[in-house]
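Read off the chains here:
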Amino acid sequence: MLSAPPPPERGASTADRSVPGTGATSSAVVAAGGGDAGLAAVLPATGPQRAEVTVVGDKTRAWRIRIAYFFLIAYALLMFVPFAWTVVTSFKTLEDSVRLTIIPQPFTTAAWDYAFNNLQPNIVQMFVNSFAIAIAVTITNVVLGSFAGYAFARLRFPGRGILFLIVLATLMIPDQLRMIPIYSIFNAIGFNKGVLQMVSIVIVLAISASSVFLLRQYFLTIPKDLEEAARIDGAGHWTTFTRVMLPLASPAIAAVTILQFQGTWNGFFWPFVLIRDQSLWTLPLGLTQFRLVGGFGTNWPPLMATVVLATVPILILYLFFQRYFVEGIAASGVKG
Amino acid sequence: MTAASARRPTKAASTRVGERQEALAGYALIAVPMLLFLVLNIGSILYAAFISLWKWNIRTGPVTFLGLNNYVNALTDSIFQAAVTNTVYYTVIWVPLTMALGLFLAVIVNQKIRGRTFFRGAFYFPAIASSAAISTIWIFIMNPFGLFNQVRGILGINPLFALIGFGPNQDWLGDYHTAMNGIIILNAWTTSGTFMIFYLAALQAIPHEVYEAAAIDGAGAWDTFRRITFPLLRPGHFFVATVGVIGGLQLFDQAVQIGNVDGAPANSLMTLVLYLYNAAFKRLQYGSAAAAGVLLFLIIFAATLIQRRLFEGREPTTA
Chain A
27 MLSAPPPPER GASTADRSVP GTGATSSAVV AAGGGDAGLA AVLPATGPQR
77 AEVTVVGDKT RAWRIRIAYF FLIAYALLMF VPFAWTVVTS FKTLEDSVRL
127 TIIPQPFTTA AWDYAFNNLQ PNIVQMFVNS FAIAIAVTIT NVVLGSFAGY
177 AFARLRFPGR GILFLIVLAT LMIPDQLRMI PIYSIFNAIG FNKGVLQMVS
227 IVIVLAISAS SVFLLRQYFL TIPKDLEEAA RIDGAGHWTT FTRVMLPLAS
277 PAIAAVTILQ FQGTWNGFFW PFVLIRDQSL WTLPLGLTQF RLVGGFGTNW
327 PPLMATVVLA TVPILILYLF FQRYFVEGIA ASGVKG
Chain B
5 MTAASARRPT KAASTRVGER QEALAGYALI AVPMLLFLVL NIGSILYAAF
55 ISLWKWNIRT GPVTFLGLNN YVNALTDSIF QAAVTNTVYY TVIWVPLTMA
105 LGLFLAVIVN QKIRGRTFFR GAFYFPAIAS SAAISTIWIF IMNPFGLFNQ
155 VRGILGINPL FALIGFGPNQ DWLGDYHTAM NGIIILNAWT TSGTFMIFYL
205 AALQAIPHEV YEAAAIDGAG AWDTFRRITF PLLRPGHFFV ATVGVIGGLQ
255 LFDQAVQIGN VDGAPANSLM TLVLYLYNAA FKRLQYGSAA AAGVLLFLII
305 FAATLIQRRL FEGREPTTA
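As you go down the protein sequences, you meet chains A and B in turn.
With the first sequence counted from 1, adding 26 to any position gets you the numbering used here.
With the second sequence counted from 1, adding 4 to any position gets you the numbering used here.
Source of the hints: derived by calculation from the structure; they are not laboratory data.
Don't be surprised by glycine CBs; every beta carbon is placed ideally from N, CA and C.
Take these hints with a grain of salt, some might be off.
As the list claims (entries may be wrong) - Distance ranges between label pairs, derived from CB positions:
#1 B:L42 to A:F157: 28 to 36 Å
#2 A:V169 to B:L159: 47 to 55 Å
#3 A:G216 to B:A53: 22 to 30 Å
#4 B:D221 to A:Y95: 23 to 31 Å
#5 B:G71 to A:V150: 46 to 54 Å
#6 B:L42 to A:K219: 39 to 47 Å
#7 A:A158 to B:A32: 27 to 35 Å
#8 B:I46 to A:T265: 29 to 37 Å
#9 A:Q315 to B:K59: 24 to 32 Å
#10 A:A100 to B:G65: 52 to 60 Å
As the list claims (entries may be wrong) - Which bits of chain B does chain A cover? Going by a derived footprint, with three or more residues having C-beta under 8 Å, they are:
#11 80-86
#12 89-97
#13 168-176
#14 199-209
Between the sequences and the hints, there should be enough to build the whole structure, so can you do that?
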């Protein structure tokens, strides 16, 4: 679980008190992180096991569990079937793609060849574009988010409360309201050409309130003694932050990394608005444009192959780091 | 001057130096992130509000001062009205539907049953894919010859669909009667797992003793849920509803991916954000686009305040 730093007896209890309780957004966020000090919100698999409330007879209970499993399995199937169908279709021919054959007849990798060789821009190029933007945004969020998160959690300075409130308030600002000012500013400073279009996306997404909030909540749970010990040893604020606090915050940093990478990799709105050059398309942008204007609107098998390719990197991350996805979402609670 | 009184100011001074250093360190750390927040968020809203009062050229800036005319024009534009109607319809149906699904899943997965980690992971699974991927899959499944129509044919439930007026090859996302509902179901499918996770966190916050007390009183499972779990989840409801409404009012990705930027078919997928996008990049009316953006922000703000009111009130006691 994410509430790792030992020993958590101090700090944790003071965590939610210091979240400003005014304003709609902040209280919404408090509700997410509330009670358990943000990341410390413990989910069932990792938290202390709860005794089952057994008030009815064993027979009724057995039936209840059977019914529960029925729903669980049915819903889980609903979750997987569309993806499974996507994979199956990517190995079909176009004629077969609208038939209900579970094993492709004939089985062909033609769609995959098409996806690798006939897309404009090339699928590899789009991978590189998506990857570059996602990595850059992830790094800036981790660096700037831990800077701000640590300062808001642990350093006292005039205006701290109001500045943090401003950060939280940005959660309520729709991206679309920012679209026109941001588009004009980047136009005016010439960021609408070449690779600068990608840079402009990175700047817009460089820091999100959710990263700051998630890291701040985590820093709040780290016991103060460790910091004080470092101070007594003569370490300055910077050394204390980089050598003592940052390593302790690695679970929260992992959560921010996962959330930001996934969010940016999948992001559609800002690339759609800020990228004009086809060679700079990201995967979601390419996928949408191929279908809408790229001429293979109903050429299902290659479309499905592209869908699989665009999803696989996140799927791999999810298989390995599932708990960071789930706990990060639970703690930051802003991706809707 | 005694030694003691001499030491006191020195100590105070050193504390003051320490405080100043701490404050400086704080400002240094927040400088860059705060600058970005202030320019890209706060600055943007103010700039958007300013632009909304003008006929605006993207290169040269202000052309003519229009006052509130951009707002009046937007509010009286029938497409804007359609966009508001569609967006509100989507939000009003999608949020409660997804909340109900999320709560239902959370309560089941919260039970001590085997495999719940697997199920939790499975239910969140669709949320990891991009909207572009999800929309493409959905278009494929919902097309007239897609999986959905084929499966209902095999299941023999087509007469049921015929009763409500849908043929065997209904084009769900291409027919303006059903396109928005198609997006509602799509997004309920992808987001129910996210809401489940929010609700799981909220369920964990309910003290266990409450359930023990209920068990002693002989309350059944349904009673326990209805009288204890559901009311005690009030902060969770508020949070999920707020996140849902803020997200719902900004529906954009799926509308564009499915209906292209014109909100096809027949404006049925025209959302507020799509209207804004078109005003700016199709009609080059940046002023009216900014005005639509400000209106969207006001709607979101009002919705959040209303929900706060709704979910406020006396906290249920745990006794």
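>> Output the indices of the hints that this structure fails to meet, ascending.
In response: 6, 11, 12, 13
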